[in-house]
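**Q** What follows is the residue order along each chain.
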Amino acid sequence: MDRSASAERALAECDTGAKGRICSVLCGHTDNRLKALGFCPGHRFHVARSGNPMVVDICHTRVAIEKSIADNIRVIECPEIDHA
Amino acid sequence: MPDHDSIPSESNMSGIKDHCDTVLAMIGNPNTGKTTLFNALTGLQVKTSNYPGTTVETRYARLQNENQSVLLIDLPGIYSMSSESPEEEIVIDILMRRSFSPEQQPLDGIVLVIDALHLERSLFMATQLREFNVPIVIALNKMDLAVRRGIHIDSRQLSLETGFPVIPISARNKTGLKALTAALINREMRTVCEPVNTCSTCTDCPFSRGYAWSNRVANSCSRRPACHNSTRSEAIDRLMTHPVGGWCALMCIMFGLFYLVFHLAIIPMDLIETLFGTLGGWLYANFQDGWLRSLLMDGIVGGVGGILVFLPQIAILFFLLALLEDTGYLARAAMTLDRFMGRIGLPGKAFVPLLAAHACAIPAIMSTRIIENRRDRLLIMLVAPLMSCSARIPVYTMLIALLFPNEPLKASFTFITAYAIGLITALGIAWLFRRTLLRGDRAPLLLELPDWHLPSMRTALMSMLERAAIFVKQAGTLILLISILLWALSYFPRSELDGAEALKQSFAGRAGQFMEPVVRPLGYDWQIGIGLISSLAAREVIVPTLSVVYGVGSGQDGDEITPGLLNTLRSAKRSDGTPVFTVATCLSLLVFYILAAQCLPTQVVILRETETWRWPIFQFVYMNCLAYVAALIVYQAASRIL
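Here the protein sequences come in this chain order: A and B.
Its first residue numbered 0, the first sequence is counted upward by one per residue in numbering that gives the first Met the number 0.
Its first residue numbered 0, the second sequence is counted upward by one per residue in numbering that gives the first Met the number 0.
In case anyone wonders, no lab produced these hints; they're calculated from the structure.
All of these numbers come straight from a predicted model, not from anything done at the bench.
The beta carbon of each residue, even a glycine, is placed where N, CA and C say it ideally should be.
Mixed in with the good hints there might be a few duds.
What the hints assert, rightly or not - Covered, in the sense of this in silico footprint (three residues per stretch, anywhere, with C-beta under 8 Å from a C-beta of chain A), are these stretches of chain B:
id	stretch
1	71–82
2	110–124
3	205–216
4	236–250
5	444–450
To be verified - Here are the computed distance ranges between Cβ atoms for each label pair:
id	chain 1	residue 1	chain 2	residue 2	range
6	B	L484	A	L25	53 to 63 Å
7	A	R20	B	T476	48 to 58 Å
8	B	R222	A	R20	19 to 29 Å
9	B	K409	A	L25	57 to 67 Å
10	A	S23	B	F257	43 to 53 Å
11	A	R20	B	R457	40 to 50 Å
12	B	L480	A	S23	49 to 59 Å
13	A	S23	B	D440	18 to 28 Å
14	A	S23	B	E610	37 to 47 Å
15	B	L436	A	E7	39 to 49 Å
Stated by the list, open to error - Pulled from the structure, derived: some chain A residues nowhere near chain B, Cβ distances all over 12 Å:
id	residue
16	E7
17	R8
18	A9
19	E12
20	A17
21	R73
22	I75
23	E76
24	C77
25	P78
Start from the sequences, fold in the hints, and give me the full structure.
**A** This is the structure:
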């Protein structure tokens with residue numbers, strides 16, 4: 000666990016163009032909506048625009064997401080994978 | 000048969016259903032083209048109504064061949080079945096009970112609309128629907144766009160993998176619709192009971208499980224090119240989601256929208272006015288002088304005509320909004336505005352009703368339905384009527400003509416200031432209520448940005464016709480009733496006197512005189528008091544009312560802001576001989592009309608949407624208190640300075 004945690008970061012901290020995979024989603028009441036939109040552990044993402052709100056491509060869908068939510072989505076960046 | 004022509008409510012829904020052999024519900028994610036498909040399948044015979052006991056809108060229509068008929072119900076678009084929004088709760092409720100309300104026939108099946116461009120996410124809905132044991136047919140929409148983007152989908156394989164019949168279609172190009180209609184009429188649907196195969200790593204989370212399945216199915220029956228986003232949409236998005244570019248685009252588009260709403264509506268509005276004017280003239284010529292003629296002319300034709308004149312603006316506004324929504328722009332605009340609106344405590348989407356309120360508060364309140372959170376919706380309903388609606392324009396025009404005759408620059412500056420006061424007050428009040436009355440965080444932004452595409456004229460026209468029909472229906476029922484009531488107040492008790500004296504003796508006239516001490520600190524006399532009372536039906540009524548009370552002529556030719564009316568108002572004197580319409584009085588009246596709640600139909604619409612008297616009464620009280628205090632300050636300050 001510790002090994003992967005060191006490479007983990009919040010989605011909100013990712014820059015434009017970042018690619019990777021979702022590790023965990025811990026957003027309380029928006030949890031289910033996020034997951035229904037595709038923010039599930041293991042899914043690939045691509046940051047189309049950083050900032051607040053940020054624009055993220057996930058499951059072939061473009062989503063605008065506020066920083067307060069993106070703060071609670073833990074991701075792992077892996078630049079080599081094909082973006083979602 | 001009459002039931003078919005009315006909007007189905009809980010009671011008359013059964014009337015429609017008696018004639019239908021099959022009842023089907025259409026379910027799908029937002030932005031899958033569900034509404035376009037529904038319109039393409041059913042044509043113009045769509046009815047809308049609220050799901051019983053809620054404010055969530057559902058749409059109904061019948062499909063028919065020689066011997067079979069289907070009732071098709073378009074349910075709101077949802078992403079999952081987790082009962083987190085009223086929309087999700089309704090869909091779950093319908094599926095659990097298998098019917099739309101207790102006394103009705105059961106639901107026979109589901110048309111699941113799947114977006115070929117977003118197969119994986121759309122299929123996720125299928126995993127949740129399977130658990131309800133309902134027969135399902137999949138309409139695989141946007142096949143034309145999938146082909147254009149090089150996405151290949153094997154629909155037979157998809158049918159094998161999911162277990163449901165799959166019919167590839169394009170609602171926009173109307174391909175595959177015949178096959179779909181035939182499948183619906185012949186009930187070609189399947190029930191799949193077994194739960195989705197679970198992977199060993201994520202058994203605890205139904206979302207991961209569902210997505211693992213939809214991922215596998217999507218991969219086995221579709222091939223997509225490595226990079227799917229078209230460069231053109233990427234370029235548009237780079238501009239539209241840019242912090243500065245987004246704002247510039249928003250300003251330009253909003254300016255264009257307002258220009259079109261006000262400019263294109265001029266001719267049809269003139270036509271409607273002429274029509275009601277001719278009707279009034281005909282009534283005047285063909286009826287004997289008496290209460291009946293006055294009721295028909297002033298109460299019914301005047302009252303309903305005064306509201307229906309805004310129909311062209313409302314129709315154009317909703318047509319353009321539907322076009323913008325169809326392109327995918329509205330979601331980007333909501334995103335651009337979200338941070339700014341967030342500071343006030345409103346969601347970004349709130350700009351749609353706030354924009355619509357500049358034409359008329361009634362459709363604005365109806366359009367708050369796009370906002371999921373109930374508190375957010377309520378907040379917007381409470382402040383939307385502060386925006387300067389079209390009914391205020393005649394009043395602003397009259398007062399500004401009194402204030403600045405022959406000074407177009409000052410006049411237009413005052414006009415813009417009046418609009419700005421309305422907007423700034425609305426945002427300020429929203430900020431205040433968010434911190435006091437409706438405390439709590441607004442729902443944070445989590446919004447799908449749909450793909451850009453060319454809008455469909457047909458969808459926009461249908462949406463416009465639906466909105467216009469709701470508005471006309473309200474004008475013909477609610478607004479008619481209020482108009483008649485207020486007419487009676489200003490007509491009875493009848494005396495033999497004419498014009499101004501008769502009005503003075505009426506209930507409204509007596510109320511005006513009774514409340515003179517209350518309005519005197521604002522710089523008004525009892526005649527203006529009558530104007531304020533008559534404005535409760537609709538604000539613009541103050542113009543003809545003033546022309547009657549100051550004795551310009553009969554109500555017939557007093558509707559226009561004529562030089563005669565302005566001269567009469569200018570020369571009107573108080574009992575002490577000083578002029579009534581001083582600069583201070585005009586300014587105070589202007590501020591009062593910007594802020595006051597003077598449109599009872601608006602309150603009735605809020606009552607219908609919130610299903611409680613509390614909020615409309617609260618709005619009426621707070622807006623009028625605010626208007627009173629602001630007008631008092633303006634009058635007292637202006638009469639001392641000037």
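**Q** Would the non-interface assignment of A:I75 survive a Cβ cutoff of 12 Å against chain B?
**A** holds, 16 Å
**Q** Mind checking the hinted window 57 to 67 Å against the Cβ distance between B:K409 and A:L25?
**A** holds, 58 Å
**Q** Quick check on a hinted range of 49 to 59 Å for B:L480 and A:S23, using CB atoms only.
**A** holds, 57 Å
**Q** Is the gap between the beta carbons of A:S23 and B:F257 within 43 to 53 Å?
**A** holds, 46 Å
**Q** Tell me if the beta carbons of B:L436 and A:E7 are separated by a distance inside 39 to 49 Å.
**A** holds, 41 Å
**Q** Does the Cβ distance between A:S23 and B:D440 fall inside 18 to 28 Å?
**A** holds, 22 Å
**Q** Could you let me know if the closest chain B CB is still more than 12 Å away from the CB of A:E7?
**A** At roughly 18 Å from the nearest Cβ of chain B, A:E7 sits farther out than 12 Å, so the non-interface label holds.
**Q** Counting residues of the stretch 110–124 of chain B that have a beta-carbon nearer than 8 Å to any beta-carbon of chain A, does the count reach 3?
**A** Contact hint for the stretch 110–124 of chain B vs chain A: holds, 6 residues under 8 Å.
**Q** How does the Cβ-Cβ distance of A:R20 and B:T476 compare with 48 to 58 Å: does it lie in that range?
**A** holds, 56 Å
**Q** Would you check chain A against the stretch 236–250 of chain B, counting CB to CB pairs closer than 8 Å, and say if three or more residues qualify?
**A** holds (count 5)
**Q** Could you let me know if the closest chain B CB is still more than 12 Å away from the CB of A:A17?
**A** holds, 16 Å
**Q** Regarding the assertion that A:E12 does not contact chain B, is the least Cβ-Cβ distance greater than 12 Å?
**A** holds, 17 Å
Consistency with the previously given hints is maintained throughout, with no hint failing.
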